[in-house]
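Student: Next come the chains, spelled out residue by residue.
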Amino acid sequence: MAIWFARLSVDRWRLSQGCEAGEAADALPTALITETAHGPRIDAANDAAIAAGAQVGMMLADARTLCPGIRTAPADPAGDLDHLERLALWCQRWGPWSALDPPDGVLVDITAAAHLVGGEVKLLDDVKKAFASRGLQTRCAIAPTAGGAWALAHFGPDRAILDPTEDCLRRLGNLPVAALRLDHDVLTVLRRLGLKRLGDLTAIATGPVDRTEAAARDAFHRRFRNRKSPAANPLVRLDQLLGKVPEPLLPVVPHHAPLVQRRLMEPIRHRSLLDQVLADLAKDMVRELEARGEGARRLELGLWRVDGEVIVRRLELAAATREADHITRLFAGRLDDIKAGFGIETVRLRASWAETLNVSQDDVEEASERHGTSLGACIDRLTVRLGAHAVRRPVPRASHLPEHAQTWQPPLEPEPSSQDTLEFHERPLKILDKPEVMSVLYASPDGLPQRFRWRGQVCEVARVEGPERIAPEWWREKSTARLRDYYRIENTEGQRYWIYRHGIAGDGRGGIPQWYLQGLYA
Amino acid sequence: MTVSVCSSGAKALQDFPVPDCFQSSGVERAAMPRLSARDIAALSKAREGRWRPGLSDQPLHSEIFSSSSDAGGAGLALALARDALQTAVKTANPLAHAEDRRQVLWVQDKGAAQRSGRPYRHGLPTELRDRLIHVQAASPEDTLFALEEGLRCRDLACVIGEISGNPRALDFTASRRLSLAAEKHDVALWLVRLDAGAELSSARMRWRVSSAPSAPARWNAAAPGTPAWKAELFRARSHAPGEWILNNDNGHLRARRTGGPVAAGTQDIGDLVRPTVGRSLAAFARM
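Protein chains in written order, with our numbering: chain A, 1 to 522; chain B, 1 to 287.
Hints in this document: simulated from the structure, not taken from any laboratory.
Be a bit skeptical, because a hint or two may be false.
Stretch-level coverage of chain B by chain A, calculated; a stretch enters the list once three of its residues show a Cβ under 8 Å from a Cβ in chain A [as the list claims (entries may be wrong)]: (1) 108 to 118; (2) 196 to 210.
Far from chain A, by Cβ distances over 12 Å, these chain B residues were calculated [stated by the list, open to error]: (3) L35; (4) D57; (5) V89; (6) E99; (7) H134; (8) G150.
Derived lysine to aspartate or glutamate pairs resembling EDC-like cross-links, with alpha carbons at most 16 Å apart [stated by the list, open to error]: (9) A:K339 to A:D433; (10) A:K196 to A:D183; (11) B:K230 to A:E493; (12) A:K283 to A:E323; (13) B:K110 to A:D76; (14) A:K244 to A:D167.
A virtual CB, placed ideally from N, CA and C, is assigned to each residue, including glycine.
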């Protein structure tokens, strides 16, 4: 079953004004507008405005010339979508699952569910009545496929029912091609080709009669051969409408974030009381999470002050947790800078991201023997105090350049798979954030520095291995990037470094090559 | 302050493992607050024992002083940590996990990361590569907080810290806090002090380390070989001070006294026979 809310945004605006259709504010011509680069454009208009000449998609300035008294209100597409989501959930009263059909439709699966309301005709009447009582204009239709129901709801007679035994094409053949849910440019192409009705398209898609028609069909197939998206390919859409090709829909699933809150008799102004409330909330939240078999990954603490200010503190946890003490302790570190003002009257804790965490049995002996915190709790405490960017794990990355061959990621994330490094590549234990320039005092004829100055001290090279040439990554860098010749060196005191020469003389990518020190060996 | 230090020192003295023959004689040790002359003699003799790699009673809080212009301090800290973990695996009960998959926490303060660089994954020992969690702290207080949190975590194999200079926050109280946390939760701390003076500290072992010329590489005599460090143990609670050349031989820590015989594993024996390097004893006898 497809339900089309024909005037969703106008109905929402009208309901927000609190008036019936055609009365009070709705009696005046009003347009819902969005600001575009070329000025305000009309997104939707009420009946009075349409009667006065305004059209959807028109610029507001054009509409003003037709109807100088037109009133405007801003359109709210995000709010419409949000409302549509709630309507889709509400529609699950007629069927086990429903899917969104943005911007203004809902598809409900009523397979083997119509008899519960007393048949399909009564079901459609019920839908119409239910939405009319909510002040929404609807058109609905029932068909064996989602595409068929959509086409009938938008372009067919109201409350149409397509029986599975009926010939689908004969019934739908007179509908315009726009009933196939196609993009605008595809509709333009079809209009230019002279294909206006679904029946025209079916004849081309299926019925070969003589050679000229077969040639036309081939040309048509070729025209849309590379269009993979169904909305861009009328042939795929047609097959979906006839049920020859499956059309996956994304069902709407309600998700309730665990939420606990305390409304306080007296506004609190002191930290100790707030800590007490927080501890209570954490216990409630743990109970809530335990009942659902989940652990919190992200928590939001909202504090409503008497004077209307809302203070929000967010917390992200490294691993799903269900420990009240841990949550309290982490939040306690974030509450130091809160100004209570005249007092806080409501405290709310919400787990906006929760993951499955099975109940596990505590090991009595183990717990008494070993104390301390778990790894997840330790990471959480470090992250809360030092910031998420401070606690990280080095992971390999596919790059030849040493400084790009390692990146950092949060510590408890799974490691990305990567190719192992070569065993004979001996890399330094530590690498400097930025390679440091060193001045070469004396270089041997084959280009190797014998003596260099780094950080103010002179080093005499005693042993050396190299060069290991690392070419620039041409697929990432500019063509002027220079290659690097890496050497492992050890000076006379035994300090081991990883140095490189940036470029070679005469490579046409800069002047005399510089020497850099990049890594320190153990 | 001094009173508490003395009492804890006495406690440590009592906790010190006394050889069995002395323990049997001192059954009423708890009743007897003072140590007898024999006990003291035994203790001092035991303390004379030289440090060597693979000792089972590894201290849980060590400090390693090194320069920030080489990675010797971090290298030695890793080598000592791996040595301690290997020893712990050997002496652990057979029911324990065969492979140690616990994480290693590496905390650096800002100066240490700037002056001596960050750990590089491809240069780490193979078994630590995917077990390292790096913490970059901005201030010395944050560093100490991170170190202490790491020590309190039961899922960590060990904690490695790098602090540059002598920050005011790291005084005797702070280091004592770290020692107590490490001993309470049984997680070892290896604290590398870069360019720092050896001030008052409660670390159980204190090393001063610099890089030493490495042993020749196997295939290329001109190339740098396996890393070696000149390490001086200048303060230890249960060992006599000394100086060694330490090197990492195939994942195992080897030590030899400076100026002593070259053969590995004979650092405490002395010159009983002439070293038979590269030649079997039989061949030596035939000569």
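Student: Against this structure, judge whether each hint is valid.
Tutor: Hints, verified against the model:
Restraint check on the segment 108 to 118 of chain B versus chain A: 5 residues with Cβ-Cβ distances below 8 Å, three needed, restraint holds. Only residues whose C-beta sits within less than 8 Å of a C-beta in chain A count toward coverage, and the segment 196 to 210 of chain B has 1 of them, not enough to reach three; the restraint is violated. L35 of chain B, annotated as away from the interface, keeps every beta carbon of chain A farther than 12 Å; the closest lies near 31 Å. Distance check for D57 of chain B against chain A: the nearest CB is about 20 Å away, which clears 12 Å, and the non-interface claim stands.
V89 of chain B, annotated as away from the interface, keeps every beta carbon of chain A farther than 12 Å; the closest lies near 18 Å. Every C-beta of chain A lies more than 12 Å from that of E99 of chain B, the closest at about 17 Å, which supports listing it as non-interface. Listed as a non-interface residue, H134 of chain B fails to keep its Cβ farther than 12 Å from every Cβ of chain A; the least gap is roughly 6 Å. Once the 12 Å rule is applied to beta carbons, G150 of chain B is inconsistent with being away from chain A; the minimum gap is 7 Å.
Distance hint between K339 of chain A and D433 of chain A is unfulfilled; the C-alpha atoms sit about 39 Å from each other, more than 16 Å. For the hint linking K196 of chain A to D183 of chain A, the alpha-carbon distance of about 15 Å falls within 16 Å, and the restraint holds. Only pairs whose Cα atoms come within 16 Å are accepted, and K230 of chain B paired with E493 of chain A is accepted, the gap being roughly 10 Å. Straight-line distance between C-alpha atoms of K283 of chain A and E323 of chain A comes to about 8 Å, which keeps the hinted pair within the 16 Å bound.
About 48 Å separates the Cα atoms of K110 of chain B and D76 of chain A, which puts this hinted pair outside 16 Å; it is violated. Among the hinted pairs, K244 of chain A with D167 of chain A is consistent with the structure: their alpha-carbon atoms are about 14 Å apart, no more than 16 Å.
Checked against the numbered hints above, the structure violates hints 2, 7, 8, 9 and 13; every other hint is satisfied.
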